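Between the sequences and the hints, there should be enough to build the whole structure, so can you do that?
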Amino acid sequence: MDGTKREHIKPGVKVKVVQKQHQRSGELTEGVVARLLTNSSTHPHGIKVKLEDGTVGRVKEILE
Numbered sequence: 001m002d003g004t005k006r007e008h009i010k011p012g013v014k015v016k017v018v019q020k021q022h023q024r025s026g027e028l029t030e031g032v033v034a035r036l037l038t039n040s041s042t043h044p045h046g047i048k049v050k051l052e053d054g055t056v057g058r059v060k061e062i063l064e
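The numbering used here puts the first residue of the sequence shown at 1, with every later residue one more than the last.
Don't read these hints as lab results, they were simulated from the structure. Values in this document were obtained by computation on a predicted structure and should not be read as measured data. Worth double-checking, as some hints may not be accurate.
Said to hold, decoys possible - In the SDA-like style, the derived pairs of lysine to any residue whose C-alpha atoms are separated by at most 20 Å in a straight line are:
#1 Lys60 to Gln23
#2 Lys10 to Thr29
#3 Lys60 to Asn39
#4 Lys5 to Pro44
#5 Lys10 to Gln21
#6 Lys20 to Thr38
#7 Lys5 to Ser25
#8 Lys20 to Gly31
#9 Lys5 to Ile62
Spelled out as structure tokens, the structure:
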């Protein structure tokens, strides 16, 4: 599942995010969502989240 819809992402969900500095390379970081930073219901580049380790990025993939 992709990370463009806010309804699919909740704190505690395991995701892969792309950080701002890795947007060109597309390098993904895996982690667990601590908080959602995007207020709108959808975002074309992915919902921005903060992971439990403090990493901030846009969700590219939701892991089960």
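Against the structure, the hints come out as follows:
1. Lys60 to Gln23: 11 Å, holds
2. Lys10 to Thr29: 17 Å, holds
3. Lys60 to Asn39: Holds: lysine 60 and asparagine 39 sit about 17 Å apart, inside 20 Å.
4. Lys5 to Pro44: Answer holds: lysine 5 to proline 44 is near 9 Å, not above 20 Å.
5. Lys10 to Gln21: 24 Å, violated
6. Lys20 to Thr38: Distance of about 15 Å is within 20 Å: holds.
7. Lys5 to Ser25: 23 Å, violated
8. Lys20 to Gly31: Holds - the C-alpha atoms of glycine 31 and lysine 20 are around 16 Å apart, at most 20 Å.
9. Lys5 to Ile62: Holds, at roughly 11 Å.
In terms of the numbered hints stated before, the structure departs from hints 5 and 7, listed from lowest to highest.
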